[in-house]
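Taken in order, these protein sequences are the chains called A and B.
Under our numbering, the residue at position 93 of the first sequence is numbered 93, and the numbers go up by one with no gaps.
Numbers given in our numbering equal positions in the second sequence, counted from 1, plus 326.
Source of the hints: derived by calculation from the structure; they are not laboratory data.
We treat Cβ as the ideally placed atom computed from N, Cα and C, and that holds for glycine.
Watch out, some of these pointers could steer you wrong.
Stated by the list, open to error - Simulated restraints on C-beta separations:
1) 245/A <-> 560/B: 32 to 38 Å
2) 646/B <-> 176/A: 35 to 41 Å
3) 76/A <-> 614/B: 48 to 54 Å
2 protein chains.
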Amino acid sequence: MIVDCHGHYTTAPQALWDWRRQQVAGKDPDPLRVSDDEIRASLEANQLRLQRERGSDVTFFSPRAGSMEHHVGDARTSADWSRVCNDLIHRACALYPRNFVPVCQLPQSPGVPPKQCVWELARCVEELGFVGCNLNPDPSGGHWKEPPLTDRWWYPLYEKMVELDVPAMVHVSSSCNPAFHFTGAHYINADTTAFMQFLTSDLFKDFPTLKFVIPHGGGAVPYHWGRYRGLAQDMKRPPLAELLLGNVFFDTCVYHQPGIDLLLKVIPVENILFASEMVGAVRGVDPETGHYYDDTRRYIDGSTLGAADKQKIFEGNARRVYSRWR
Amino acid sequence: MIVDCHGHYTTAPQALWDWRRQQVAGKDPDPLRVSDDEIRASLEANQLRLQRERGSDVTFFSPRAGSMEHHVGDARTSADWSRVCNDLIHRACALYPRNFVPVCQLPQSPGVPPKQCVWELARCVEELGFVGCNLNPDPSGGHWKEPPLTDRWWYPLYEKMVELDVPAMVHVSSSCNPAFHFTGAHYINADTTAFMQFLTSDLFKDFPTLKFVIPHGGGAVPYHWGRYRGLAQDMKRPPLAELLLGNVFFDTCVYHQPGIDLLLKVIPVENILFASEMVGAVRGVDPETGHYYDDTRRYIDGSTLGAADKQKIFEGNARRVYSRWR
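Make the full structure from the sequences, and use the hints.
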């Protein structure tokens, strides 16, 4: 079985984006009206078709990351928008329970304590069967005003994650800072930033069972694995394996063979989860290969890894990290 | 000959740091008093010893990046501090003209137009023989308030760089944003950010001969080279080679063999300049190899590249990019 742990509902029906537009304009939108057929059409033409074409079986499915926009409006705006998005994810996954497993957006808002997200997380996990969440380390959208992820500021949310036994994927949203292109800089920077925050802290002493997935292949981290091993060493931190590899995992959203080969070479196979983020940041066909850049299964298949290791990446590790998923 | 294009005077005599402490405290420091012998001692015990031990011949040498601290004080603070630092670099390089070639710090200050840096750049290059500069894309120190490097805001500085025929290394300084560890996140993020800024702009149509070196192996860029090729393609930009590889170069400050192997595999050899950033961010010995993490010559030597390509990386490309250096 092939589990893609990183998919967003980028193709949601237009009514969702219309609802959001009304909300941002300050109107009180009517309840979202989307038919089951519209949901089916949006998935059949896109994610389901690609699952079939590329040979993946199930996608952990969350609201579009770039649209979380935690920086827009206030905590109420974010709570309402998160609920609408998560409910739609729930419906999509209920229509195709063999193909999609729900992961939720959190109702974060800049400067608002993360414990305000606990209720929506609990609702999604306990009532609706979600298996994980996306946690935005920078709800300001590129201004980075929140304390590091290792600050006690975040602890109430972590307590709930641990209690519910769900991991968080560290995932920023769109950037309203003109310095940072969102999918080309902000996403990748956030991955790198979060890893370094974890490296410098004792967070996982406080929460030994807390689990994070760093997407986009871990940002810059595997490419600079020697730098991070060396920085930890200079700071008299424990070796990275001991310090954080029981808690921090990387996905395979790296869109060329040499990048995946590096990831597989330097990061222990137990810490790598298959993912493509389709339909996502990069949608074209690589002229060098004739295949879609984000058809990441080809890169894993094309690697020199043995079958048992591939199985861990494709399925086993996802079952371990997203342990509520059966 | 082996040219290390990225070295900072991290080991400068204590008097320099005392001068700075006085300046930041609002005292008007006396002129810096450092003897030639103190400079010699600071280099003989460190960079010169390591050049000999590791077999490099010459280092392009600039003030300590983390101490540029453009966010401290105002434009006058930065101008005075830059002048003191650059003059000390000039003296160090004059004492060892075969070993060190001067590269300057720019007197940037948040919100101050970059054309204010033109005079110090011209002084360093025309009067003191400097061959390049370090350009900070985020003089705010981790708050990223400046326009992207591709904005016309920066053009007066670029006009002078082109006129003088000097490249800039894109290099941030320390971070005063608690989200960003400076050498573990801010440096690497800045590299990635700058590349993406270049990718989305037509800067190099306006300045066909402008040259930037992106340090630390290009941040996350080579690891995500497929992503960047795909993003450019989705945006209907030209292929990266055509769009920016005539103007953008990467150094080899990547501190493990798999990272260097990736860099050499995906980036054209003409765009890679040898560098170690010693004595810098990572100072320990890698227990996996028994050698210093930042002894990057070993990784180039250990690669499968042919002799002619290694010569380009070790010397030829540096002569082309830093064309004032004879």
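Hint-by-hint comparison with the structure:
1. 245/A <-> 560/B: 32 to 38 Å: 34 Å, holds
2. 646/B <-> 176/A: 35 to 41 Å: 39 Å Cβ-Cβ, so the 35 to 41 Å window holds.
3. 76/A <-> 614/B: 48 to 54 Å: Between residue 76/A and residue 614/B, where Cβ atoms are some 51 Å apart, the hint holds.
Checked against the numbered hints above, the structure breaks none of them.
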